[in-house]
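Listed here are the chains, written in short residue letters.
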Amino acid sequence: MAAPIIRIDNITKRYGPLTVLDGLSMEVLPGEKLALIGPSGSGKTTILRILMTLETISGGHIEVEGDQLYHMPKNGSLVPADDRHLQRMREKIGMVFQHFNLFPHKCVLDNVTLAPMLTKGVAKAAAEKRAMELLDMVGLADKAKNMPAQLSGGQKQRVAIARALALSPKIMLFDEVTSALDPELVEEVLNVMRKLAAETDMTMLLVTHEMGFAHDFADRILFFDRGKIVEEGKPDEIFRNPRQERTQTFLRKIIAAGHRV
Amino acid sequence: MTDWSGYIGLILQGALVTLQLTVMGSALAVVMAFLAGLGRVSRFMAVRVLATTYIEFFRGTSIFVQLFWVYFVLPFAGVTLSPLQAGVLALGLNVGAYGAEVVRGAVKAIGREQREACIALNLTRGQAMRHVILPQALPLMLPTFCNNAIELLKGTAVVSLISLTDMTFQAQVVRAQTGSTLIPFATILVLYFLMALAISTSMRWLERRVTRGLDGVRT
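Those sequence lines, one after another, are chains A and B.
Taking the UniProt record's numbering, the leading residue of the first sequence gets 1, the next gets one more, and so forth.
Taking the UniProt record's numbering, the leading residue of the second sequence gets 1, the next gets one more, and so forth.
Subject to a maximum C-alpha distance of 35 Å in a straight line, what follows is the list of computed DSBU-like cross-link-like pairs (lysine-lysine):
hint: 1; chain 1: A; residue 1: LYS170; chain 2: A; residue 2: LYS129
hint: 2; chain 1: A; residue 1: LYS33; chain 2: A; residue 2: LYS106
hint: 3; chain 1: A; residue 1: LYS143; chain 2: A; residue 2: LYS129
hint: 4; chain 1: A; residue 1: LYS120; chain 2: A; residue 2: LYS74
hint: 5; chain 1: A; residue 1: LYS195; chain 2: A; residue 2: LYS106
hint: 6; chain 1: A; residue 1: LYS129; chain 2: A; residue 2: LYS33
hint: 7; chain 1: A; residue 1: LYS92; chain 2: B; residue 2: LYS108
hint: 8; chain 1: B; residue 1: LYS108; chain 2: A; residue 2: LYS106
hint: 9; chain 1: B; residue 1: LYS108; chain 2: A; residue 2: LYS145
hint: 10; chain 1: A; residue 1: LYS253; chain 2: A; residue 2: LYS234
hint: 11; chain 1: A; residue 1: LYS106; chain 2: A; residue 2: LYS170
hint: 12; chain 1: A; residue 1: LYS120; chain 2: B; residue 2: LYS108
hint: 13; chain 1: A; residue 1: LYS92; chain 2: A; residue 2: LYS228
hint: 14; chain 1: A; residue 1: LYS74; chain 2: A; residue 2: LYS228
hint: 15; chain 1: A; residue 1: LYS92; chain 2: A; residue 2: LYS143
hint: 16; chain 1: B; residue 1: LYS108; chain 2: A; residue 2: LYS143
hint: 17; chain 1: A; residue 1: LYS195; chain 2: A; residue 2: LYS228
hint: 18; chain 1: A; residue 1: LYS170; chain 2: B; residue 2: LYS108
hint: 19; chain 1: A; residue 1: LYS120; chain 2: A; residue 2: LYS145
hint: 20; chain 1: B; residue 1: LYS108; chain 2: A; residue 2: LYS124
hint: 21; chain 1: A; residue 1: LYS195; chain 2: A; residue 2: LYS234
Read the hints as simulated data drawn from the structure, not as lab findings.
Required output: the full structure, derived from the provided sequences and hints.
This is how it looks when you write it as structure tokens:
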């Protein structure tokens with residue numbers, strides 16, 4: 001079995017008196033498609049945010065491709081990572097947000113080319129060529145010169161995916177990427193993600209409330225509750241025969257709310 | 001009957017000085033506003049303290065006193081400035097302190113989501129500020145900058161107190177020589193108003209330029 005690309009070891013995250021993650025450990029294999037499900041406030045989004053270094057951690061260690069994420073070795077011991085170390089580690093990871101977070105003052109093409117040009121020194125022409133390929137892949141090549149405000153939510157999210165892909169990360173984090181979309185726009189974003197899963201060997205971590213999609217998309221499902229992994233397994237096991245009572249209750253509620261499994 | 005053309009010429013010469021003070025003072029104010037405004041959001045404590053001290057000092061004391069210090073007290077420290085230099089320095093530092101808070105407010109107003117997108121795209125803090133935060137913050141600053149520039153224009157009148165021959169100074173000269181208050185002060189009233197109008201018109205134009213595209217229309 002291959003070495004895990006992500007190894008999370010006994011992570012704790014507290015906001016003041018509130019403990020969001022409580023001694024969480026998990027591993028992700030290279031190329032694995034992982035879906036994190038669970039009630040809101042269960043800590044699943046926090047895991048993605050910690051992996052993207054948008055948060056600090058209160059305790060524990062994370063390894064990405066064998067290197068510490070929040071720490072770095074110095075004189076034989078581990079010290080908190082400095083900016084340069086974080087910068088190097090972030091090259092491996094990309095993220096797509098619930099609210100797209102496109103740059104509203106830049107056209108679609110510039111949104112996609114900005115980071116490769118600034119962080120990797122890619123020449124403008126090469127960055128634009130690659131951006132057009134990616135925009136073509138998400139079906140938006142004809143919108144390259146449009147401003148984000150002129151796009152629908154689904155289109156914005158597809159641009160955000162292209163923007164994250166432009167840095168060629170090994171790991172992609174998708175944080176409730178369809179939750180802010182009108183129902184009729186959800187499918188176009190999910191289609192892009194299906195395509196990505198089929199055509200690339202990227203490791204993908206997905207926080208979602210789309211249970212049907214999680215079932216078809218993921219190799220493994222993690223069910224979170226109160227900062228801990230309550231149950232994990234193959235999609236069929238989790239959705240058809242959940243062992244834990246909390247998983248069963250959660251899925252019953254989701255199905256009652258009209259979501260397809 | 002007084003021949004007014006010479007006197008009006010005098011006032012126009014003063015208007016030129018006022019214009020100079022306004023333009024150079026504003027230029028210094030903008031530089032100070034960005035230095036101190038960005039300094040206040042720095043992650044380095046020493047920079048934050050320095051910026052805060054500057055802002056609080058220059059907002060908290062009167063422009064009149066600052067001007068006298070710059071012109072009459074600095075020479076004792078070996079720095080002698082011409083009246084124009086002293087005027088520009090005092091006005092620029094004073095208005096820059098107000099502008100710094102405008103810069104800070106606008107930068108803070110650009111939400112966490114934009115910053116997080118920058119981190120996810122691995123931009124450095126400097127790159128994020130320059131390419132993402134400031135271009136969006138600038139349109140938010142302009143309306144208040146316009147106010148500040150007009151305040152600065154009107155503030156230039158205090159430099160007449162250090163014998164700089166600005167518009168207000170010249171109007172007083174004309175008043176003393178002719179005995180008429182109405183004509184010189186009506187003239188500078190109109191001139192101040194026209195200059196303020198020029199500032200607000202050009203700021204509105206600038207605002208339209210920098211917000212272009214944000215409303216969804218790219219031209």
